[in-house]
Amino acid sequence: MHEQHQILYKHRFVEGIKGIDVYRNHGGYEAFRKALTMTPEAIIDEVKLSGLRGRGGAGFPTHIKWASVPKNTDQEHYLIINADEGEPGTAKDRDLMNNLPHLLVEGCLIGMLAIRARKCYIYIRGEYAEPWQNVQRAINEAYRAGFIGKNVLGSGMDFDVYTHLGAGSYECGEESALISSLMGERGMPRLKAPSAPLYTVSGAWQKPTPVNNVETIATVVPIINMGGAEYAKIGYGSPRSRGTKLTSISGHVKKPGVYEITLGTPMREVIYDIAGGIRDGHTLKTYIPGGSSTGFMMPEPLDYPMDYEGVVTAGAMLGLGSGGLIVMDETTPIVPVTKRLVDFYHHESCGKCTPCREGLNWLAKIYDRILAGGGRPQDLDLIWDICDNVRGKSFCGLGEGAIVPVMTSIKYFRDEYMSYIKSGRDLVMV
Amino acid sequence: MSENDKNTEIHTAQTNTEEQANAPKESTDQQAAQQTIAEAGAMPASATTAQEAEAAGRVADPQPTAPPVSSTQADGGARTVEDTPRSERDRTPAEKADAVKVQSDAEAAKAAGVEMTKVTVDGVEVEVPKGTLVIEACFRAGADVPYFCYHPRLTSIGACRMCLVSVELEMFGARRESIFTCCTVPVAEGMAIKTRTPEVKKAQNGMLEFLLANHPLDCPICDRGGECPLQNMTVAYGPPTSRFIEEKRHFPKAYPISDYVVLDRERCIQCMRCTRFCEEISGDGQLALLNRGSSTEIGTFFGHDFTSNFSGNTIEICPVGALLSRTYRFAARPWEISSSDSICSKCGNGCNVALQTRLGELVRVNGRTNEDVNEEWTCDRGKFGNYYVNDESRLKHPLMRRADGALHPASWDEALAAVAERITRTKAEFGADAIAGIGSTRCTVEDNYLFGKMLRALVGTNNLDHRMLPHGFEPMQTTIAEIEHFKTIVSVGMKLDWDQPIVYLRVFKAYSKKGANWIKADVVDNTVTEALRAGGADAVLLLPHHLPQDQIDRAKKLCASTGAKLNVLLPDCNSWGAARAGILPDRLPGLTAFREGRAHLDSFWKTPLPTASGLDSDGIFDAVSAGRVQMLYIMGSDPATRFHDTEKARRALEAAPFVVVQELFLTETAKRADIVLPAASFAEKDGTFFNIEGREQKIKQAMPVKGDARPDWRIVADLMGRLGTPVPYFSARDIYREYNRSIPKAEAVAAR
Amino acid sequence: MSDFFEDVKQIAREVVAPFKGLGITFGQLGERKTTISFPDYRRVMGVRARWRHVLNRYDNGLEKCIGCSLCAGACPSNAILVVADENTDEARFSPGERYAVRYEINMIRCIYCGFCQEACPTGAVELKDVFEMAESTRHDLIFTKEMLLVPDPNRERVD
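First to last, the sequence lines map onto chains A, B and C.
Numbered per the numbering used here, the first sequence spans residues 1 to 430.
Numbered per the numbering used here, the second sequence spans residues 1 to 752.
Numbered per the numbering used here, the third sequence spans residues 1 to 159.
By construction, these hints were calculated from the structure, which means they are not laboratory data.
Positions of the beta carbon are idealized from the N, C-alpha and C atoms, including for glycine.
Incorrect hints may appear among the rest.
[To be verified] With a cut-off of at most 16 Å between alpha-carbon atoms, the simulated EDC-like pairs for lysine to aspartate or glutamate come out as follows: (1) B:Lys101 with B:Glu371; (2) B:Lys253 with C:Glu86; (3) B:Lys495 with B:Glu474; (4) B:Lys201 with A:Asp45; (5) A:Lys365 with B:Glu246; (6) B:Lys253 with C:Asp89; (7) B:Lys648 with B:Asp602; (8) B:Lys118 with B:Glu199; (9) B:Lys201 with A:Asp388; (10) B:Lys745 with B:Asp525; (11) B:Lys248 with A:Asp368; (12) A:Lys365 with B:Asp686; (13) B:Lys648 with B:Glu696; (14) A:Lys48 with A:Glu330; (15) B:Lys130 with B:Glu88; (16) B:Lys557 with B:Asp602; (17) C:Lys145 with C:Asp85; (18) B:Lys698 with B:Asp686.
[As the list claims (entries may be wrong)] Take a look, some chain B residues computed to stay more than 12 Å from chain A by CB distance: (19) Lys202; (20) Lys427; (21) Asp525.
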């Protein structure tokens, strides 16, 4: 078994790590002190050396995002943290915010230094009341300890960190929709390049506003602490996927939970060793590697490295995703599972673009009908064609992500659909 | 009710189902296409007759021999790539206007020396200004791209996903081709755009199938049917049948959101044109999207009324029948309407409108594009306020006060003879100056010119005025269109969006899009002074006509000192024209002073004109009360309610021995008249209006004259004939020509 | 000689001819008559006969016509006039929002092509076999909605 590095979760289980004193006793805010002595370019270089990529799902290199923020403007910059974690199966940010809120706050401070921002907004999803309380408490403590506020640590710089609770929309996890929502507008995605300027140049309130995931920004702390080059040594897979990834493993495994997994660890080890394997007497039927929008995958192949590239080569449609591994054993009926996912995306669609609004509505109604016993043989082709019409045509990633589980389920579990259509019952009887 | 209500819908839905379930997959495209015309596109939009409808259907029909594109599309019945593009005739007027606007913008940009980019659209190379959207390049190349949410005057959002085209461009170092919504992507040098590839066809097909999934297909009872972009696009690009067999989304039909606008949320396709209009153009933001996902609907906040003064425009830009006019509701089908280009009569902005009539009634007023005046917008007053021309209470016969002291219907011959006789008698007994005339700011230039000519040349008096306020005239120093370029805009004493709606749209455009300062004040006070001082020559001051004279004088001085432009905005549709036509006691046509114009007019009208200045409207009413004026001839004006001192006007009207009134309605003034002559409204006659900026615009007869009424100029011309001068006027154009020649040429004036 | 016989034959034929002709006449006397005594007797029309229009109703008595004007649009001789209005809950004429407040067909302009029936989305207008439409003035031949509508079945029952 590959060794699992504990980078973020080094002090995860320390008693009282939520409080600033314990956190500082374990080396807290040292990275920030170190970063204060560095130039913004040096911080970005360090991140570049580490090979850190966005942990929210898309895997965009963080240093490129930060470097694209204009340097020589007198405009105010803002750092926005995307804590609107809504992907079914994903709970890593909640765990991080609940247990290591100061890690997030420290990461925000370093991120602000890197992009010359003085204000940071943490956009937390509306349902995350508890993580919000923890983060807000940590911010308050950091204010009192002088890490945030006026003239921080004698540097002459003023920092502010604000939290903003969303109103419970999955769509607001999309960066541009998050920006709209943060600005008080309807949480709908906005035009992106090439139609509009990058939001790192002109985002919220027409100011440069890079948006980073909670885990990404928290990872910056150990990177500064240990040095980018050191961090880049961690990982067993592709040279482009370095470091560790928080993964929430759920489903029919013996030890579900949030784990810090070194990128490149084989998927078989993740499921069978780290998560303790499938519950006794059952076998792996299918799993979703990283949040529901990455789609179902079959037990074979399983020996591929779990990193950004490996998952794609193994056949996932949208890559590593946000790190929500859902494992299902052979008792799981796939059609109701897919219907549940379709219902989720249908409910969360913002309604801006036609394919997502009408396509998902249509899919939801077809699934309702199939489950009610009214399926027709041509429905499978119809579902496939609807997905095909949504793919590549919806405005943002929600539509793209929504059809992946549908398409993969039809691809791999056609016989279960046919069973429903023919007999109105599931193949799997629990 | 709902049981039956659903009958028609279910009827179509069932057709779909049966088609889907029973028809073999091999059913030819032709059959399927006929199905489309029968249900989805019950009436191909913009077709004016059934024959045209058939023709339009035929254009959209694929060749029966052409094979389906791919197996997945076979049951969806995708159209073939070889489809001919839609002909010009198959487009709605709105679509044509959009394309024209794009073309003219591109040409203007080219003329202004903007950097051009070369792209190819379907193999046609076009040059477009840098930063142009791909869809505009497509229009310029003559390619037909379907779209719903795109509008040339609104920001692009790419919501409807209908305008998908295949774009080939350099991306990340490689030349790749992918599908984009062309209303959001700006052109780049060397782009190759293809609008008719199989992938694009499939995408367009799919989007329309999505849009129609929840669309009720009640085209036969929808007011938009026949000029509906969704109908048009479905015939041209859509799938022949729908595979949607589930229950459609349901909302209560026809939900009135204001006195003028009715909302049908079932038909809405969430293109957000109306919400963007309210945010970006009219600036009130009263319409918004409510809820999310498939239950997204358009609505007002907390169910408030949609009270915007520009709500009517959302009806016009709605690409489906979701927002509809309550006044036009079920009044006509688009192919039954006859439309004539005219000018709105409700205020002085002079919006270009199309008066649309059916069965001799005005059914709808639509905006026309004029970039210099109203762009393409109208206000609600213009759109819904012009229905007075249909009013049953309008005068239809001449009325004469008989022996019993009441007004009774009379024939034209009787009435005109009485007026002519009275004029001759009064002139003989009391002299020409015992007769006075009041012209109108709501009659055309021709009416006013002929009225002035009659009183001056035939009666021989200068007692002639049209003003209801004791003010002089200030021509606007800028045009309406120029207002949007000023950096500081000061408006005083007005609710600009109600009093001068089109000026308001320009001001709001300057304010919201060009970052101008907009200061609103009640009176010309220190705030105004400071703002104008700060603005310097880049400021404009907007004043209403009704401000006290001292305020206007102060503003004038202020503007002269700071270099700001002063615009005094007149209220009526022909306020400026009445003055131009010479309905002033001391001015001749063309606002010529007596000294400059008399010699010319003496010879032109072939009669010596009275030399002294006449009485103005105040003077006339004083003189009537004093008995010096024995006869009052009022054309199209209502001093009993509109004069600044109504008491004085009413006293004078009671006191006058003889009052003639030409009017549309039995107004307070007309009730006090001895003879009332019914006049034609602006929709029933030809003529010319001058708007507040002095722009000359023609109105055209749109409908037959109500009852026995006559255009004002014809009444005056008849009277002139009875007064002894046979007059050679057969049309308003004759009078307009004469009016133009009656203004002395500038050089002739200078030589004198 | 032969000429003589020919002449005799000819004369005989001419003498017989009227009787032959009359024979057909008298022979037909016994046959069934083609003409009928019209006002007293009426011929049964073919099933596809297209004559006078009717406006149909639903079983519950509501008019099928929704006043959409498609028949007027399809009419090649421009013989149909439809003026629509909005149904209210107090005054309901047809299902849905719209009904025809005026529906007129000019029967002397009509060419009985049946396009209106084709175009009708609800099957409201139908060309039936009633052809007796003679009137003495042109104005009387403009059939109004009241004349075209079939009787309300419910109304009859109530009476």
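Hints versus structure:
{"no.": "1", "hint": "B:Lys101 with B:Glu371", "in the structure": "holds (9 Å)"}
{"no.": "2", "hint": "B:Lys253 with C:Glu86", "in the structure": "holds (12 Å)"}
{"no.": "3", "hint": "B:Lys495 with B:Glu474", "in the structure": "violated (20 Å)"}
{"no.": "4", "hint": "B:Lys201 with A:Asp45", "in the structure": "violated (47 Å)"}
{"no.": "5", "hint": "A:Lys365 with B:Glu246", "in the structure": "holds (7 Å)"}
{"no.": "6", "hint": "B:Lys253 with C:Asp89", "in the structure": "holds (13 Å)"}
{"no.": "7", "hint": "B:Lys648 with B:Asp602", "in the structure": "violated (35 Å)"}
{"no.": "8", "hint": "B:Lys118 with B:Glu199", "in the structure": "violated (24 Å)"}
{"no.": "9", "hint": "B:Lys201 with A:Asp388", "in the structure": "holds (13 Å)"}
{"no.": "10", "hint": "B:Lys745 with B:Asp525", "in the structure": "violated (41 Å)"}
{"no.": "11", "hint": "B:Lys248 with A:Asp368", "in the structure": "holds (14 Å)"}
{"no.": "12", "hint": "A:Lys365 with B:Asp686", "in the structure": "violated (58 Å)"}
{"no.": "13", "hint": "B:Lys648 with B:Glu696", "in the structure": "violated (34 Å)"}
{"no.": "14", "hint": "A:Lys48 with A:Glu330", "in the structure": "violated (43 Å)"}
{"no.": "15", "hint": "B:Lys130 with B:Glu88", "in the structure": "violated (27 Å)"}
{"no.": "16", "hint": "B:Lys557 with B:Asp602", "in the structure": "violated (37 Å)"}
{"no.": "17", "hint": "C:Lys145 with C:Asp85", "in the structure": "holds (14 Å)"}
{"no.": "18", "hint": "B:Lys698 with B:Asp686", "in the structure": "holds (7 Å)"}
{"no.": "19", "hint": "Lys202", "in the structure": "violated (8 Å)"}
{"no.": "20", "hint": "Lys427", "in the structure": "holds (72 Å)"}
{"no.": "21", "hint": "Asp525", "in the structure": "holds (34 Å)"}
Violated hints for the displayed structure, listed by number in ascending order: 3, 4, 7, 8, 10, 12, 13, 14, 15, 16, 19.
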